[in-house]
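Undergrad: Letter by letter, the chains look like this.
4 protein chains.
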Amino acid sequence: MTQERWKNIVEWPLVCAALVFLVAYSVQVIANLNDTQSASLDVVIGITWIAFVADYIMMLLLARSRLRWFFTNIHELAILALPMLRPLRLLRLVTLIRVLHRTAGNALRGRIVTYVLSAAVLLTYCGALAVLDAEENAPGANIVMFWDALWWALTTITTVGYGDHYPITATGRVVAGALMISGIGVLGVVTASVASWLVEHVSAEAAAAIETQEEPLRAEIRSLTAQIENLSAKIESLAEQGSVN
Amino acid sequence: MTQERWKNIVEWPLVCAALVFLVAYSVQVIANLNDTQSASLDVVIGITWIAFVADYIMMLLLARSRLRWFFTNIHELAILALPMLRPLRLLRLVTLIRVLHRTAGNALRGRIVTYVLSAAVLLTYCGALAVLDAEENAPGANIVMFWDALWWALTTITTVGYGDHYPITATGRVVAGALMISGIGVLGVVTASVASWLVEHVSAEAAAAIETQEEPLRAEIRSLTAQIENLSAKIESLAEQGSVN
Amino acid sequence: MTQERWKNIVEWPLVCAALVFLVAYSVQVIANLNDTQSASLDVVIGITWIAFVADYIMMLLLARSRLRWFFTNIHELAILALPMLRPLRLLRLVTLIRVLHRTAGNALRGRIVTYVLSAAVLLTYCGALAVLDAEENAPGANIVMFWDALWWALTTITTVGYGDHYPITATGRVVAGALMISGIGVLGVVTASVASWLVEHVSAEAAAAIETQEEPLRAEIRSLTAQIENLSAKIESLAEQGSVN
Amino acid sequence: MTQERWKNIVEWPLVCAALVFLVAYSVQVIANLNDTQSASLDVVIGITWIAFVADYIMMLLLARSRLRWFFTNIHELAILALPMLRPLRLLRLVTLIRVLHRTAGNALRGRIVTYVLSAAVLLTYCGALAVLDAEENAPGANIVMFWDALWWALTTITTVGYGDHYPITATGRVVAGALMISGIGVLGVVTASVASWLVEHVSAEAAAAIETQEEPLRAEIRSLTAQIENLSAKIESLAEQGSVN
Numbered sequence: 001m002t003q004e005r006w007k008n009i010v011e012w013p014l015v016c017a018a019l020v021f022l023v024a025y026s027v028q029v030i031a032n033l034n035d036t037q038s039a040s041l042d043v044v045i046g047i048t049w050i051a052f053v054a055d056y057i058m059m060l061l062l063a064r065s066r067l068r069w070f071f072t073n074i075h076e077l078a079i080l081a082l083p084m085l086r087p088l089r090l091l092r093l094v095t096l097i098r099v100l101h102r103t104a105g106n107a108l109r110g111r112i113v114t115y116v117l118s119a120a121v122l123l124t125y126c127g128a129l130a131v132l133d134a135e136e137n138a139p140g141a142n143i144v145m146f147w148d149a150l151w152w153a154l155t156t157i158t159t160v161g162y163g164d165h166y167p168i169t170a171t172g173r174v175v176a177g178a179l180m181i182s183g184i185g186v187l188g189v190v191t192a193s194v195a196s197w198l199v200e201h202v203s204a205e206a207a208a209a210i211e212t213q214e215e216p217l218r219a220e221i222r223s224l225t226a227q228i229e230n231l232s233a234k235i236e237s238l239a240e241q242g243s244v245n
Numbered sequence: 001m002t003q004e005r006w007k008n009i010v011e012w013p014l015v016c017a018a019l020v021f022l023v024a025y026s027v028q029v030i031a032n033l034n035d036t037q038s039a040s041l042d043v044v045i046g047i048t049w050i051a052f053v054a055d056y057i058m059m060l061l062l063a064r065s066r067l068r069w070f071f072t073n074i075h076e077l078a079i080l081a082l083p084m085l086r087p088l089r090l091l092r093l094v095t096l097i098r099v100l101h102r103t104a105g106n107a108l109r110g111r112i113v114t115y116v117l118s119a120a121v122l123l124t125y126c127g128a129l130a131v132l133d134a135e136e137n138a139p140g141a142n143i144v145m146f147w148d149a150l151w152w153a154l155t156t157i158t159t160v161g162y163g164d165h166y167p168i169t170a171t172g173r174v175v176a177g178a179l180m181i182s183g184i185g186v187l188g189v190v191t192a193s194v195a196s197w198l199v200e201h202v203s204a205e206a207a208a209a210i211e212t213q214e215e216p217l218r219a220e221i222r223s224l225t226a227q228i229e230n231l232s233a234k235i236e237s238l239a240e241q242g243s244v245n
Numbered sequence: 001m002t003q004e005r006w007k008n009i010v011e012w013p014l015v016c017a018a019l020v021f022l023v024a025y026s027v028q029v030i031a032n033l034n035d036t037q038s039a040s041l042d043v044v045i046g047i048t049w050i051a052f053v054a055d056y057i058m059m060l061l062l063a064r065s066r067l068r069w070f071f072t073n074i075h076e077l078a079i080l081a082l083p084m085l086r087p088l089r090l091l092r093l094v095t096l097i098r099v100l101h102r103t104a105g106n107a108l109r110g111r112i113v114t115y116v117l118s119a120a121v122l123l124t125y126c127g128a129l130a131v132l133d134a135e136e137n138a139p140g141a142n143i144v145m146f147w148d149a150l151w152w153a154l155t156t157i158t159t160v161g162y163g164d165h166y167p168i169t170a171t172g173r174v175v176a177g178a179l180m181i182s183g184i185g186v187l188g189v190v191t192a193s194v195a196s197w198l199v200e201h202v203s204a205e206a207a208a209a210i211e212t213q214e215e216p217l218r219a220e221i222r223s224l225t226a227q228i229e230n231l232s233a234k235i236e237s238l239a240e241q242g243s244v245n
Numbered sequence: 001m002t003q004e005r006w007k008n009i010v011e012w013p014l015v016c017a018a019l020v021f022l023v024a025y026s027v028q029v030i031a032n033l034n035d036t037q038s039a040s041l042d043v044v045i046g047i048t049w050i051a052f053v054a055d056y057i058m059m060l061l062l063a064r065s066r067l068r069w070f071f072t073n074i075h076e077l078a079i080l081a082l083p084m085l086r087p088l089r090l091l092r093l094v095t096l097i098r099v100l101h102r103t104a105g106n107a108l109r110g111r112i113v114t115y116v117l118s119a120a121v122l123l124t125y126c127g128a129l130a131v132l133d134a135e136e137n138a139p140g141a142n143i144v145m146f147w148d149a150l151w152w153a154l155t156t157i158t159t160v161g162y163g164d165h166y167p168i169t170a171t172g173r174v175v176a177g178a179l180m181i182s183g184i185g186v187l188g189v190v191t192a193s194v195a196s197w198l199v200e201h202v203s204a205e206a207a208a209a210i211e212t213q214e215e216p217l218r219a220e221i222r223s224l225t226a227q228i229e230n231l232s233a234k235i236e237s238l239a240e241q242g243s244v245n
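Chains as they are written, first to last, in the UniProt record's numbering: chain A, 1 to 245; chain B, 1 to 245; chain C, 1 to 245; chain D, 1 to 245.
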């Protein structure tokens, strides 16, 4: 079995695992749970983790060059092994957007915009979760409620940055960095799409102009064809005359 | 009667209702009114609300598939039913910009830029109103005067975000989110318009280059025509010779 | 004399008056002056003001339709009459950039970028001056030194907005608004120029592609020409044969 | 020897000197060193400084017009002579990015994006170092740890600007200004690249459209060729008839 086939088979199961992880992780981070509840959610998260580990091991075994795959996918190992990078498992959900899109057959630009905006919404939510997870137990932190975390994520991804809430832990700042960079990306895609739309319409006008330019050329070739047809007829009659003679 | 005809008929009345609502709402939010004054403004706002509700009911009745229209326009119901979403009724004024534009027959880019900038100004004003409405009675809020609200709206839509004023209520933050996203949109349209303008001029040069490129092609076809005319004349004389013979 | 001739004549004198005003205004705002020094600077500023007023009167007198010119240039009157709008007289210096540019004959994009960047630098400096003028005597203001004002202007025009310094007076906030909007404009022009440069290079490749596409067309026409020449020669010989016969 | 040859010879040695300077400078700024350690690092930094001075002198001596080179490169002298501008020596590392790129032969857009992103990362790190160097001993400063400096640099280059940390010294603010302007540049390049990519695909479609437009033209020319071949054959047979006659 190749990696590609394996990927096709486990695409949906892994998206489901990521969704389950998202819900369990959200509940664990947002709600104030007692130890029993928290432990049962840890079991659920553990199961999704096992699913991701199983996928990792299969991918490693199916790789054409295992050593090479191991080193080019070292970040996958880090996400699975380090508890601090746990929220990054949610990146698997970006695949979900891709899957949903495959069903729709829109135009290039529309597809990109939808994709980026969906990713921005997902990122804002996951960023809020991840920052809350990192900050809520840090002494002196000012992001301790989910509602504040979501507000902070929004001000960050739009690069507004009021500064009424900001992360103070290392993990929180890494998450913030990811959101800021995404924000620049989103801005870039939005601007680029408008620009491309405007240029396309200008380009359509340019194409019409070229069409107009070529009109005389075509007329000339058409008259040329007519002239040759005329000439052909004349020679035909000449030939007949010749045979008569 | 179809929905389209109804829309055309009530377009101006609804814009007027939205304008009346804007003025009454502005006065109610900004000014410190006594109970009698506030009550009389509530009556005015109530009348505009009835106009919007009447429009909603007519649209629902005139819809080809009422159930489908109901679900695809669920947000219209929410705006009318929930007092919290009251400021969103001002969105009707965006129609006003569209109506004003219809009279002018400008070029595509100019029209888009004017439209977006007008919308940005309207949005800043309405955002300031809505945030003030949400914040002015919240304990611990720092946006309690209209002037501060307007300043805050400006720093938000330009994504500057000093953080000297910021919303703390849920409604205020939703309004802030709308302003931030609009800010990114405005930035995108401004940039895209400049880019498109620059590209158009480059594109004009490219069109001129194509024109130049095609010049030899045309010259060749022209010489071809001349040659064939020449040939034709020669055959003509040959034919005459033939008949003489 | 027409308005255009008058404009050409007074262009340089008015730029000089604006420069003198800039220096005098800068000294007055930045330095802590005693009353005698401040009074002598007021005289200098007064003289430049008289120059601007004289220009305004001449323009009004030379206008084809004075009433129309008066209303379409109502902002000029406001700038001259209202002391609060004094810093806007520095806008005349933008003309200076235009004059300097006229000497250079660069390409379109380079010219726009230089123009916008010069305007941004001028605007940052003038914005800092104007905000300092408005804020330095306001109670509770946090922009009271020129160095802070310049720093604030920079964080504002780049839309960073730390919030360590921010205006609290009406004039200061209007200046801030102008700087923010300029910042969005600068960002737009920078982005658009890079985009246009990239697109131009892509477009050059596209033009080369069209060139390649048309190559077979040309080859075909060339072979057509050869064939007809061939045919022509054949008929020529046929005609000679005919005459011999 | 010309300046160009000298540049080629010393390119790698100078990049090494800049790297050594980067490491020594990083350690000196970040770590709390005792006097002996600090002194030994000063020696290392002094050696790299001598290398830069030697390069400066050679460039001056090899210049075609030494006086002109001196004045057009006055900033190089300032960087070497003023201790305050010390961090700017790290700009030499930008050359490193260029060198690394020369080995790869990617497409224009990819090359620009990689270059700008590498420069942004380098700038964020160097900006954090430089600001920490300027601020860490200033009274009342709020950037006194490297981790905070890096976080501040990130919020600045992305134009988020929370305002939880900000520079208060002159050098720190100059560094901040450089980071803000770079941030605008990075945003511009990212947006422009996406826009150019989108436009290129639209442009490819336009090229395909032109191709389609020219199809009838080609068909006509093809039929013209066929007709002339036909005519030619007829005349050929006529000529043979003629000779037989």
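Be aware that a few hints might be false.
[Stated by the list, open to error] Below are the BS3-like pairs computed for lysine-lysine, each with C-alpha atoms no more than 27 Å apart in a straight line:
1) K7(C) / K234(B)
2) K234(A) / K7(D)
3) K234(C) / K7(D)
4) K234(B) / K234(A)
5) K234(B) / K234(D)
6) K234(A) / K7(C)
Hints were generated in silico from the structure; no laboratory data involved. None of the values given here were measured: they were computed from a predicted structure.
Undergrad: Verify the proposed pairing of K234(C) with K7(D), using a straight-line Cα cut of 27 Å.
TA: 68 Å, violated
Undergrad: For the pair we were handed, K7(C) and K234(B), check the Cα-Cα distance against 27 Å.
TA: 69 Å, violated
Undergrad: CA of K234(A) to CA of K7(D), is that 27 Å or under?
TA: 76 Å, violated
Undergrad: Is K234(B) within 27 Å of K234(A), Cα to Cα?
TA: Holds, because 12 Å separates the two Cα atoms, which is no more than 27 Å.
Undergrad: Is it true that the CA of K234(A) sits at most 27 Å from the CA of K7(C)?
TA: Roughly 72 Å separates the two Cα atoms, so the pair is violated.
Undergrad: Taking only the CA atoms, is the gap from K234(B) to K234(D) under or equal to 27 Å?
TA: Satisfied, since the Cα-Cα distance of roughly 16 Å is no more than 27 Å.
Consistency with the previously given hints fails for numbers 1, 2, 3, 6, ordered from lowest to highest.
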